[in-house]
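Chains as they are written, first to last, in this note's numbering: chain A, 1 to 671; chain B, 672 to 813; chain C, 814 to 1019; chain D, 1020 to 1392.
Hints listed in this document are in silico derivations from the structure and should not be mistaken for laboratory results.
One should not assume that every hint holds.
[What the hints assert, rightly or not] Taking lysine-lysine and the DSBU-like style, the derived pairs with C-alpha atoms no more than 30 Å apart in a straight line are:
(1) D:Lys1081 / D:Lys1113
(2) D:Lys1123 / C:Lys843
(3) C:Lys843 / D:Lys1183
Spelled out from the first residue to the last, the chains are:
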Amino acid sequence: MTTEIDIQHLGFALRHVWLVPAFPLVSFVLVGLFLRPLSQKLCGIVATLAVFSSWMAACGIACEYYTLCPPGGEHPVLVPWAFEWLRYQPGMTVNVGVIVDPISVLLMLVVTTVSTLVHLYSIGYMKGDTGFGRFFAYLNLFTFSMLGLVAAPNILQMYVFWELVGVSSFLLIGFYYQKPSAVAASKKAFIVTRFADLGFLVGVLTLGYFGYTLFGGAAPAITARTAAHCAMPLQPFDFLYLTSPEFLARFGALAAGSTGITLLTVAMVLVFMGAAGKSAMFPLHIWLPDAMEGPTPVSALIHAATMVVAGVYLVARMFPAFAVSGAALLVVAYVGAFTSLFAAVIGTTQDDIKRVLAFSTLSQLGYMMLALGVATMESPLGYTASMFHLFTHACFKALLFLGAGAVIHAVHSNEIWDMGGLRKKMPITHFTFLIATLAISGFWPLSGFFSKDEILAAALGNGHYGIFAVALFVAGLTAFYMFRIYLVTFWGEHRTDKASHAHEIPAVMWIPLAILAVLSVVAGYVPMAKFVSIGAEHAEHHGINFAIAIPATLAALLGTGTALLLYTGSGSRADAIARSLGGVYTLVKKKFYVDEVYLFVTHRLIFNLVSRPIAWFDRTVVDGGVNVSGWATRASGHLFSWMQTGQVQSYGSWYAAGAMLVLLVLWAALI
Amino acid sequence: MNQLLASIAAYAPGLREWLLLTSVIFSIGLYGLLTRRNAVGILLAVELMLNSAALNFVIFNRFCMPARIDGSVMAIFVIAVAAAEVVVGMAIFVALYRYRGTVDVNRMDTMKDPVTSFEGPVAFNKEVLDNINKQYKSHHDH
Amino acid sequence: MIGPAIYTVMFWVVAASTVLFALAVVNTRKLLRAAIALMAALSTTAGFYVMLDAQFLAGVQVLVYVGGIVVLIVFAIMLTRSGELLEDHPTPERRVVGAAISIMFLILSAAAVWVSPFAEYSTGKTPPNDALSIGKALLDPGPGGYVAPFEVISLLLLAAMIGGIVIARKTPPPNQPFTSGGDLPGETDVYTPLSQRDPKRGGPVS
Amino acid sequence: MTYLTLAATQGAFKTVTVSERTAQAFADGSWILALVYILAAVGALGALVTVVGLVLIYAERKIAAHFQCRLGPMRVGWHGILQTVADAIKLLLKEDVIPERADKAMHLLAPFLSMMATVMILGVLPYSPILQIVDLNIGVLYVTAISGFGVMGILLGGWSSNNKWSMVGAMRAGAQIISYEISATLALLVVVLFSGSMSLAEIVQSQDAGWWVWRAHGVGLVAFIIFVIAVTAEINRTPFDIPEGESELAAGFHTEYSGLRFSFFFLAEFINMFVVSAMAITLFLGGWMPFHIGTGGAFNGAMDLIPPVLWFFGKTSAVVFLIMWFRWTFPRLRVDQLMYLEWKVLLPIGFVNLFAAAVVVLYNLYPFPIIVP
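Assemble the whole structure, with the sequences as input and the hints as a guide.
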């Protein structure tokens, strides 16, 4: 059934959707320019209140949207507010606006929720830091950019906010800019994501170019269908147009040269390159573990819950195009599956608590990608599952990071071997961390169980047995490495003085933990399939499918058991296994030497073979040319310097003579 | 008698004679502008030129559009501009004299080479004052 | 018949004297004599204005030039001691160049005047060229009026006055050879003779 | 019935200047008559200069003496009445000394410039309706402009003497004259505003209904006072005689002059006093107009019987006496006080007064009609 929607008559929240990104923007300007020198407390409160206001606005939007289009029905795309931003020519305009559809509503909720809690937490975590105001200004900038990205109704706006998000991530990773490692990490993140965004940009331009040329044929039908939902007329860059069957049918028919690959696939793979950069898919994952140099709340907000899922969101947003391409979707699935396995394996050997969590994030992002990759328009369960996992993962991963932050705050170290026995010192942190660990490991009845379950079901249901096997194995690995850090951190003896003098965190920090813990428990009971869906068919919410739940739970139990076996009591058993594995262990511990490979390629190959010749060319040929022109100018100046006596009257003589000459010439020309 | 008067009146100036006159005055001013060594002298020459230009306005007004008075208005503007120019020019010369001890434009060549031609007021002024005294003496001796 | 004859004689006599005065302006070695010659040349120009039926303009010319500008120039000559010494003769090259250029200009403009076909009108009756009509033209905001240039000229005169005062102030403050000398807080108000100035900074020796 | 209307009804009154008569004569072709007119005008001017000079110098000495309870010159002629003539003869017979290092040409030119400026102004003054040499339609402007030559004469005289006192005196005089000229001009402009004309004859006629000094509702009076102060300074009379302050500068710009040339400067000063007084009465006190009270009546009729020329010279003498009176009433100002008085007192008052006058004229705030030619 089709819901009749008139864009002119919407509720307050939908009419003022721009409020969601506007609050953090205003707060960013306020805090960054005016409040920062005044008072730390004021900065924190204003910034947090602004994001909280955004959260309320997002809640309002969600309520109104699902009142308008009840769960279980069809969920049309609305663009209730937009304005013209760039006008290249008639029929080629780029608007800035806010899109409202299930996934953007979901993302808005996730972003504002996690952001609010992280802001609150940061008031405690960053207390006394000299860069307090700057930190909150950056956080607000990030929140604004992320919401702008989520709300983008066209791919160009998304690209702009995509880059803004990258900038704020860069700023926040390099927040402790006195530390060389933080500077290096921020540069690394920036350069890697920029490299990926190059692909994205080419993809955007490809889409835009063909979108524009095919606009006349495809647009009228789409416009007729969606005019009532949009505040501004349809434009070539709009997602509504780019993901419409009319456009995709035409675009999918174009082949890229004689390669046998369609242009659509090329464009989608390029777009996916951007998504992979932002979501840190292999081989562009190398920036994310280093990004943990930023303050821990930043890791929780940006590098676990929100920004890194932007890639997943982009793929979901463009999903119909990927689905039509097919090959591109396979790329997504295999890259996701591989990253998931790869990161999980590395995660089992790392000692830095935040790094383990970072690799866990990589792994889970791979999960979401593979879920998208296995979905099709006909059986879109993976799509829903991916969004579902995105949602639950945001809750428990933010919780994990904030808990890790609390521990780091108490122990002043990132190494898990510096901790130990913290469960008595920090009971709340311990309890919430345990909940999150259980949730990510996929134990019933916590949220991770349900979302993972759906992903596995989707993989199995669409016949991707290999991927299903990988996912199942990764589930076991996840349980193993999560319990590993949990046990080492909270159980056993105090290994250092710091750990023995640790204290429970203040209320302003544990309240967000508690809220997130509650969310991690209950998030799984949201009937996501009713809310988020794609295509005509609604994914069936199948309840607990024991054919999948039992192996998944078994895998989790196996991982947990192994961890318990190895990391309770003395650590000798773990060491023994590590020794017995030998080179393999070192390989994994060194993260498969990916960074080193990158360094080799960039420093040795590219530097010697490309950069040096170019530099030589620049210094001798280009600079030489410039120098020659400079020399020529000077020489000619020298030639005529006798005319420059420095005396007004000689200048006057030249002027008068020249003027008369000109007069004569003009006169001659006139006669 | 009337015959004589008539023959004299035959040489009554027309537009071309008037314009020729102003051209001559302007050329003389131009000559002064290019040859005078004293800055005040240059300003005098400029006044001559401005004056002939103002006169041209009135001449054209009188001969080419006698029904209007725009030429007179423009001449008044020229006079006002000349006044402003003299005020600023004279102020500059007085300040310059106080600072450098001379208004000889041949010495105003710091634009050419600041290192060799300008060493600062004291050294410069001694030289210039000596020069002035010498000239003053020679002028009154002969 | 007597009127035109007198007019003609007057024109040629006054024109000749004007040219003579102008030559004196550019050739006299004594600058003050040049200024007096300029005064004479400007006064005869006032006579030209009378001949051209612009009596008001003649009055303004004498008032502003003789009563103001020439007096100012004479003051400047006295203050810069330019009147006390004979100005050096210009170098022969400069004379030649100046003469060549000015004669070239004269030939050029005379030729232009001679060959140009001017549209001369003699309506026989000229409108009153007096203070009233000039004032009306100056303050007329409509098309053909001059109120905007008039205001701009007023501003120019004001700016010139202020600029002249600022530039010609007596004592240059330390480090600033030419600026507002003296009246600003922190600046010395004592005139420092040239011989006691710091050669590097222009201000008094500290 | 006012003088003008009376004269007009009787057909006896018609403003005719000498220049108009000369032009008429030329037009009629009567050469001789024209020549006679020209010569008469020149002769009259020369006689006027001589007589006024002699009378004023004598008056100055006598008035000064009587202010100081002295008798003054008593020997030559009755009550010393020929004393000035004797002095003049002495001056003419004296050796004309020119300093050796003076700029001779300029030294000779300076007194003539001063004299010329004065005499050229005498030519446009309306002594009576039928006694005026030229009536310029820019008369006021002309008078202001020509006085600039006087400044040039003084500056030249001071500079060419090659004497530091002369030079300082000349520069002081120059600065003083061009400063006070501004105030004097502002005061003149008030009358120009009221009468709507710059022709001196027309300005006099515009006062038919009342002299501007009181008819203009206060602004005229303020303008008159400013004018008298300013012109007193312009002619270097005490208390503004700083340019020639004997105690500081010997005799100021004419220290180095002697004989005939000195007498030119000297004479020019006195004639200047006469000229500025004449200007003051022409502009503010009705010129040759008789003194009337109300309209008609026997008093006015009796006043009308006195010839305009007598009115003119009588009023002028009164103002001259006023200026001479100043000399023995006020002490000499210092240079800074002089400049203070002009730039910070008279000039602002003059501007405000001019503005007020403009408002009065623009809104017709005075009950008498203006004569607009």
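Consistency of the hints with the structure:
no. : hint                  : result
1   : D:Lys1081 / D:Lys1113 : holds (25 Å)
2   : D:Lys1123 / C:Lys843  : holds (12 Å)
3   : C:Lys843 / D:Lys1183  : holds (18 Å)
In summary, this structure violates none of the numbered hints.
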